[in-house]
Amino acid sequence: MSSNRDRHWVKTKSLTFLVLAIWAIVSIGINWIGEGLNSPSFPGAYFMAGMGSQIIFAILVFWFAFRQNKIDEEFNLEEK
Amino acid sequence: MLKFEGGFISNLGKVYGLYTLGFFCFVILMAILEAVGVENTIIGWMFVAFTVLIYALIGIISRTMESNQYYVAGREVPAVYNGMATAADWMSGASFIAMAGGIYLNGYPYMAFLVGWTGGYVLVASLIAPYLRKFGAYTVPDFIGSRYGGNFARFCAVCILVVASFTYVTAQINGTGTVAARALQIPFEIGVWIGS
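First to last, the protein sequences are chains Z and A. Heads up: the first sequence at position 22 corresponds to 22 in the working numbering, and the numbers run straight through without jumps. Heads up: the second sequence at position 83 corresponds to 83 in the working numbering, and the numbers run straight through without jumps.
No lab work stands behind these hints, which were simulated from the structure alone. Predicted, not measured: the structure shown is a model, and the values here were computed from it. Glycine included, each C-beta is placed from N, C-alpha and C at the ideal position. Treat the hints with care, as some may be off.
[What the hints assert, rightly or not] Here are the computed lysine-lysine pairs in the DSS-like style, where the Cα-Cα straight-line distance is at most 30 Å: (1) Z:11 <-> A:14; (2) Z:11 <-> Z:70; (3) A:134 <-> Z:11; (4) Z:13 <-> Z:70; (5) A:134 <-> Z:13; (6) A:14 <-> A:134.
[Unchecked claim] Not everything, but these chain Z residues come out facing chain A in the computed CB check (under 7 Å): (7) 19; (8) 23; (9) 27; (10) 49; (11) 51; (12) 53; (13) 54; (14) 57; (15) 60; (16) 64; (17) 76.
This is chain Z alone, in the form it adopts within the complex (with noise of 0.2 Å):
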């Protein structure tokens, strides 16, 4: 049971930190170099700050509770 709950950790962990990391990307990453994403035709930085990462953030929210339900599932830990 302890190695069972071991690995589900590892997993979650995984998950966990790649979440963080395109968080990271798309929070301060993207803003970081917004003056790069400008184009004379499109605003991108303007863009991404308004939607572009509103859009990503809401995905991945929805994108890491499908995959933690699934990981939880694995290892039969879901809620009944």
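Fit chain A to the supplied structure of chain Z, relying on the hints for placement.
Structure of chain A alone, referenced to chain Z:
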């Protein structure tokens, strides 16, 4: 007449549908009244009265004395409805009034709020929410205090929480006051009291 058999939770869909229907009916009624030529002030008062009435009604219907019911509704609310409540938190006075105004006033740098605001939900979803739920704690300081042991950790959590929610509530109350003052045609200072 609609029948509500079983508990409140098993009828959530019906209750939410009814509420949404009532809201649409109210908006249509207001539109008709405005077209007929009722004064703006009266419509404003009706809006506020309706909101207060609904809040009071919900409070009376779902009142409870158990802390498990009070904080988390017995942990029985389905995920979709919980998500709807969270979304309503996002779309509050602070984001509708304060953030729009801030971006309008100060331009591009203020959009950092937009990113941080929504990005915070990712952090909450991945770092706090699953463990809070599995832990069975009601509040974040509760969770932090038991998880890391000792009152110092709990104190830090309380401090951060108070600072954050104080800022947030200030913006929120300010927004409510502005809306109430506009809708009821009264001074802002009184609007804040009525609104909150």
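We went through each hint and held it up to the structure:
Proximity of residue 11 of chain Z to residue 14 of chain A is assessed by CA-CA distance (about 39 Å); at most 30 Å being required, the pair is judged violated. Restraint check for residue 11 of chain Z and residue 70 of chain Z: satisfied, since their Cα atoms lie roughly 11 Å apart, inside the 30 Å limit. Taking the CA atoms of residue 134 of chain A and residue 11 of chain Z, the gap is about 17 Å. The hint holds against a cut of 30 Å. About 14 Å separates the Cα atoms of residue 13 of chain Z and residue 70 of chain Z, which keeps this hinted pair within 30 Å; it holds.
In summary, the hint linking residue 134 of chain A to residue 13 of chain Z is supported, as the alpha carbons are separated by about 16 Å, within the 30 Å threshold. Pair hint residue 14 of chain A plus residue 134 of chain A holds up; C-alpha atoms about 29 Å apart against a cutoff of 30 Å. For the restraint placing residue 19 of chain Z at the interface with chain A, the shortest Cβ-Cβ distance is roughly 5 Å, inside the 7 Å limit, so the hint holds. Against a cut-off of 7 Å between C-beta atoms, the interface hint on residue 23 of chain Z holds, since the closest Cβ of chain A lies about 5 Å away.
Interface restraint check for residue 27 of chain Z: the shortest CB-CB distance to chain A comes to about 4 Å, inside 7 Å, so the restraint holds. For the restraint placing residue 49 of chain Z at the interface with chain A, the shortest Cβ-Cβ distance is roughly 4 Å, inside the 7 Å limit, so the hint holds. Given the 7 Å rule on beta carbons, the hint for residue 51 of chain Z is violated: about 9 Å separates it from the nearest Cβ of chain A. Residue-level restraint check for residue 53 of chain Z holds (minimum Cβ-Cβ distance to chain A is 5 Å; threshold 7 Å).
Nearest Cβ of chain A to the Cβ of residue 54 of chain Z: about 5 Å, under the 7 Å cut. The hint holds. Given the 7 Å rule on beta carbons, the hint for residue 57 of chain Z holds: about 5 Å separates it from the nearest Cβ of chain A. For residue 60 of chain Z, the shortest C-beta to C-beta distance to chain A is roughly 6 Å, which falls under 7 Å, so the interface hint holds. With its C-beta approaching chain A no nearer than about 6 Å, residue 64 of chain Z sits inside the 7 Å limit, and its interface hint holds.
For residue 76 of chain Z, the shortest C-beta to C-beta distance to chain A is roughly 15 Å, which exceeds 7 Å, and the interface hint is violated.
Hints 1, 11 and 17 from the list above are not met by this structure, while the remaining hints are.
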